[in-house]
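Listed below are the residues making up each chain.
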Amino acid sequence: MWPGTPLFPDTASTMAHRVDALYFFLIGLTAFFSLLIAGLIIYYAIKFRRRAPDSVGARLSGGLVLEITWTVIPLGIVLVIFTWGASVFFAMARPPADTLNIYVVGKQWMWKFQHLNGAREINELHVPIGQPVKLIMTSEDVIHDLFFPAFRVKADVIPGRYTEIWFEATRPGTYHLFCAEYCGTRHSGMIGQVVVLEPSEFQTWLSSGQAEGSLASAGGKLFRDLACNTCHRSDAQGRGPVLDGLFGKTVTLQSGDRIAVDEAYIRESIVNPNEKLTAGFQPIMPAYQGQVTEEQLLELIEYVRALGTGTSLPSLRPDAGGPRPGENTPSRGGNVPR
Amino acid sequence: MPRTNPLLLPPRHYLNNGFGVRSWLLTRDHKRIALLYLVGVTLFFFIGGAFAVMIRLELATPAGELVTDDTYNKLFTLHGVMMVFFFLIPAIPAVLGNFLIPLMIGAKDLAFPKLNLASWYIYMIGATFTLYAVVTGGLDTGWTFYTPFSSAYSTTQVVPAAVGIFITGFSSILTGLNFIVTIHRMRAPGLTWFRLPLFVWSHYAASLIMVLGTPVVAITILMVAAERIFGFGLFDPNRGGDPVLFQHLFWFYSHPAVYIMILPAMGVISELVAAFCRKQVFGYTFVAFASLGIAVLGFLVWGHHMFVAGQSVYAALIFSILSFLVAIPSAIKVFNWTATMYKGSIAWETPMLYAIGFIGLFTIGGLTGLFLAAVGLDVHVTDTYFIVAHFHYIMVGGTIMGYLGGLHYWWPKISGRTYNELLAKVSAAIIFFGFNLTFFPQFIVGYLGMPRRYHAYPPEFQLLNVLSSAGASILGVGYLIPMIYLAWSLRYGRIVGSNPWGAVGLEWTTTSPPPTENFAETPVVTWDAYEYPTEVHGHVA
Amino acid sequence: MLPEAAEHHPALAHHFDNLAQQKEAATLGMWVFLVTEVLFFGGLFAAYSIYRGWYPDAFAAASHTLDITFGTVNTAVLITSSLTMALAVHSAQTGERRLLMLFLVATMILGAVFLGIKGVEYAHKFTEHHVPGATFHFEEEALSRHAQVFFSLYFVMTGLHALHMIIGLGIMLWMLWWAWRGTITSEYYSPVEISGLYWHFVDIVWIFLFPLLYLIGRHG
Numbered sequence: 046m047w048p049g050t051p052l053f054p055d056t057a058s059t060m061a062h063r064v065d066a067l068y069f070f071l072i073g074l075t076a077f078f079s080l081l082i083a084g085l086i087i088y089y090a091i092k093f094r095r096r097a098p099d100s101v102g103a104r105l106s107g108g109l110v111l112e113i114t115w116t117v118i119p120l121g122i123v124l125v126i127f128t129w130g131a132s133v134f135f136a137m138a139r140p141p142a143d144t145l146n147i148y149v150v151g152k153q154w155m156w157k158f159q160h161l162n163g164a165r166e167i168n169e170l171h172v173p174i175g176q177p178v179k180l181i182m183t184s185e186d187v188i189h190d191l192f193f194p195a196f197r198v199k200a201d202v203i204p205g206r207y208t209e210i211w212f213e214a215t216r217p218g219t220y221h222l223f224c225a226e227y228c229g230t231r232h233s234g235m236i237g238q239v240v241v242l243e244p245s246e247f248q249t250w251l252s253s254g255q256a257e258g259s260l261a262s263a264g265g266k267l268f269r270d271l272a273c274n275t276c277h278r279s280d281a282q283g284r285g286p287v288l289d290g291l292f293g294k295t296v297t298l299q300s301g302d303r304i305a306v307d308e309a310y311i312r313e314s315i316v317n318p319n320e321k322l323t324a325g326f327q328p329i330m331p332a333y334q335g336q337v338t339e340e341q342l343l344e345l346i347e348y349v350r351a352l353g354t355g356t357s358l359p360s361l362r363p364d365a366g367g368p369r370p371g372e373n374t375p376s377r378g379g380n381v382p383r
Numbered sequence: 020m021p022r023t024n025p026l027l028l029p030p031r032h033y034l035n036n037g038f039g040v041r042s043w044l045l046t047r048d049h050k051r052i053a054l055l056y057l058v059g060v061t062l063f064f065f066i067g068g069a070f071a072v073m074i075r076l077e078l079a080t081p082a083g084e085l086v087t088d089d090t091y092n093k094l095f096t097l098h099g100v101m102m103v104f105f106f107l108i109p110a111i112p113a114v115l116g117n118f119l120i121p122l123m124i125g126a127k128d129l130a131f132p133k134l135n136l137a138s139w140y141i142y143m144i145g146a147t148f149t150l151y152a153v154v155t156g157g158l159d160t161g162w163t164f165y166t167p168f169s170s171a172y173s174t175t176q177v178v179p180a181a182v183g184i185f186i187t188g189f190s191s192i193l194t195g196l197n198f199i200v201t202i203h204r205m206r207a208p209g210l211t212w213f214r215l216p217l218f219v220w221s222h223y224a225a226s227l228i229m230v231l232g233t234p235v236v237a238i239t240i241l242m243v244a245a246e247r248i249f250g251f252g253l254f255d256p257n258r259g260g261d262p263v264l265f266q267h268l269f270w271f272y273s274h275p276a277v278y279i280m281i282l283p284a285m286g287v288i289s290e291l292v293a294a295f296c297r298k299q300v301f302g303y304t305f306v307a308f309a310s311l312g313i314a315v316l317g318f319l320v321w322g323h324h325m326f327v328a329g330q331s332v333y334a335a336l337i338f339s340i341l342s343f344l345v346a347i348p349s350a351i352k353v354f355n356w357t358a359t360m361y362k363g364s365i366a367w368e369t370p371m372l373y374a375i376g377f378i379g380l381f382t383i384g385g386l387t388g389l390f391l392a393a394v395g396l397d398v399h400v401t402d403t404y405f406i407v408a409h410f411h412y413i414m415v416g417g418t419i420m421g422y423l424g425g426l427h428y429w430w431p432k433i434s435g436r437t438y439n440e441l442l443a444k445v446s447a448a449i450i451f452f453g454f455n456l457t458f459f460p461q462f463i464v465g466y467l468g469m470p471r472r473y474h475a476y477p478p479e480f481q482l483l484n485v486l487s488s489a490g491a492s493i494l495g496v497g498y499l500i501p502m503i504y505l506a507w508s509l510r511y512g513r514i515v516g517s518n519p520w521g522a523v524g525l526e527w528t529t530t531s532p533p534p535t536e537n538f539a540e541t542p543v544v545t546w547d548a549y550e551y552p553t554e555v556h557g558h559v560a
Numbered sequence: 089m090l091p092e093a094a095e096h097h098p099a100l101a102h103h104f105d106n107l108a109q110q111k112e113a114a115t116l117g118m119w120v121f122l123v124t125e126v127l128f129f130g131g132l133f134a135a136y137s138i139y140r141g142w143y144p145d146a147f148a149a150a151s152h153t154l155d156i157t158f159g160t161v162n163t164a165v166l167i168t169s170s171l172t173m174a175l176a177v178h179s180a181q182t183g184e185r186r187l188l189m190l191f192l193v194a195t196m197i198l199g200a201v202f203l204g205i206k207g208v209e210y211a212h213k214f215t216e217h218h219v220p221g222a223t224f225h226f227e228e229e230a231l232s233r234h235a236q237v238f239f240s241l242y243f244v245m246t247g248l249h250a251l252h253m254i255i256g257l258g259i260m261l262w263m264l265w266w267a268w269r270g271t272i273t274s275e276y277y278s279p280v281e282i283s284g285l286y287w288h289f290v291d292i293v294w295i296f297l298f299p300l301l302y303l304i305g306r307h308g
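Residue numbers (the numbering used here), protein chains in the order written: chain W, 46 to 383; chain R, 20 to 560; chain H, 89 to 308.
Be a bit skeptical, because a hint or two may be false.
Below, in silico cross-link-like pairs of lysine-lysine (BS3-like), each with a Cα-Cα straight-line distance of 25 Å or less [claimed, not checked]:
#, chain 1, residue 1, chain 2, residue 2
1, H, K111, R, K133
2, W, K157, W, K294
3, W, K266, W, K294
4, W, K179, W, K157
5, W, K92, R, K444
6, R, K444, R, K362
7, W, K179, W, K294
8, W, K179, W, K152
9, W, K92, R, K362
Here are some chain H residues the structure puts well away from chain R; computed CB gaps all over 12 Å [unchecked claim]:
#, residue
10, R185
11, A235
12, S274
13, Y276
Source of the hints: derived by calculation from the structure; they are not laboratory data.
Given the structure is predicted, the values throughout are model-derived calculations rather than measurements.
C-beta: ideal position from N, C-alpha, C; glycine also.
Please build the complete structure, drawing on both the sequences and the hints.
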């Protein structure tokens, strides 16, 4: 009648086993103490039941040793749980160095996934086995949350910021993905699936049928179309900082603070340039807020990341170079409003 | 006293001291005000319960067929709003606390009787605004009002609902203020702090939270309303605001709020266990300080609602360890209540059934809190039905059972009459069974990955949802039956004397129902709380 | 068992044993209420601190558009009103009815002056398009987004403070009426005393608001 009613989720990532181990320990602990308390209560309620209507209980008011014991033992137990949970959390919060990055943009009520080579997916995400994958995520509107139960991982997806999760899938298959932060009318419809493939199958899938070119090359095109290259030149003659080789370094700001040049800083520098101005430069860069979409920001970030690293940008297809039918041509002065 | 001797109600008591609507709506008597609150919280409980019935009906099938997306979103939002702000927070303090605190400390009334009445009016006015929001389009933001959805995207009646909650918050603040001053300044001669009943200690601790925490959520909700009305940009990232700041400000109150909901219930349990074991609560001083400990630590853990919301790793770890620490005082209480039963003289009356049910269900609910305080595990289960199950175990398995237990225990004092014991025991059993069937499957479906606030879900989750919905229908019946026999007892219940349970406490030394001024003469206290004599006289079984 | 209190001062409420207990309860009640007010404003101060830490330049620029003369005058006015309030309380304690009424009126006048100046400031902000919302426009474009956050906080914080002042004026009026009726005597003056507590609190909130809103980055 209800075929395939599972009582336990699929275990499909390296972290899943660690999370489950802690879970089972806590189930055991809960069962132990619940049964202990319930057992004692029932036992006492029967053994010491009132036998005469006027009888009273014994005069026993307390014992310091007992109080200390049942304070210290639970304290010890929770410290163990804390340490264990913290250790699992550290692993979740620190992605390994060699992750395959995929960008995610959440909006009411769909998930848009952007592979670096330009492949785009909606509500479905293909990933390879055995390769740590990092998702860099933002929202176009309200707070969402991307949740993969089979990987035991989720994080809020927030407008105006990037958040990250990472996982390494361990079993091929198709698993749920959900939005796990209430976001309005079709919150329960903002779901999809993650398809885990063997590495060779994943490569095949990745390089098939994508005509638009990589994120970075699209970003390069945007960089020229929006005239960023007039101030951000590769020599030091421009009015803006040189961006070649900048990604991943630290810069000093006007205020004297030092900041790492990461995805968030690049995004902020495009959307609202003058709040964290690089030292030694004038506040003349216009703010592009409202004139570039979140996806376009991701393309620009990937372009800046690739600049000056010596990595040859994945080339555009031979017939690229101009707009194809139906493709949006971003132009200066406005595109999709936020 | 022989059982066949029929008792009479005392000739003069607070219920017959003046008749008519004005004598109730303009009363200063804390006991009458408690009954005014009883009417209010009961009404709002059933409204919130009706929303819950709709939710569980919809969730019996995987596709969202019964109501539309938008309607469902309003149902769970308003279920939360009605239950949290209009039932769980006020019920025990404003009904039982109002009625009993002056009696328990030998006072004639609370410190500020007119303020007490004003608190009730404020509560009803706030509820009116919120009900206005319900009938003119509803609210779909979740009871948590997360921005920017609530401040910029929702098209429902956010402002009226926010105003209603804002106003009701002042009822809570003023009640807490009244209790604090009363307990400090109006104890009878000889009644030192460490002779107070633990019910009073719990309400004192809860009152500290009410006065310190509620103003913060009040100003936060005001800011959301300002953002919607005037276009301020405090939480809107497009205008330089930070949506996560809202979460910090909101949870700074709303986490301590759950201790406002549970501490008074724990106070009730202390009274019930002492009375039905006829024995001092084991470790009285530890239980008293545990209440204060919960109140203080409760203010330091709000970030555990935000482990996946974008906090730093170090903030998450600090909130995690503090969340573990706040569990310890609750554990101390559970152990002390259990130890109280050892060598007690235990009676299996209805209030004691509720107390035992509370201890069991609160233990399970509290232990599942440890799952959530462990950050690595919380990442998986947060925003799923595991959380829904956790908080319902505490608030329904805990607070509501404490409320019903207390209502049954003090019903004879409030009304002068008792209720049908068999019906009461049967209801308690139905509630216990229905509750577990409703919420235990939710732990399982939550770990499976079913998110909260979903009205359509993958088909493989259906069996667990059907079990839960079946439980909810049983639970609903369980809650309706007491309404019937308690109401019936007001007119036809057997009249009892001043101390039908043979319990120790100042409230049991005056008549049932008490006179308006509570005591014929102010008592002078020379004994500890729960100091039972070697035998008890006059117990009417 | 204790006999009931023999004295029955007309102001003694029936649930208190004596006037001393009533006074202590009232005073404690007002202090607890003021603590709730600290938390109420506290949420706004917390939001302010966070945003100011993130956007120091925008906050400084926005702050400089506030009129520091008006702000300083208002601070002096409010501190003086606390003085007159303290004198009112003293007069109540010594049973000097006329002086009590005089100082209450003086406090109210000063409070009204404060609100009047505030009204003028708000009007200026309106004409300068510094009111957040659709009509907002800030001269320094680059800082405009975060300047709007400053002004949102400015209006909510000073608006809430002004609302508290208006309520305070109402309380003063009530005390004035009681003083005129002779209800306030040297035996029973705690209402004036706790009204004074409230008024001093409102003053102290302003003492925090003034530097945080008006004096960012102004040196010398």
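* Hints broken by the structure, by number, lowest first? -> Numbers 2 and 11 - these are the hints that the structure violates, sorted from lowest upward.
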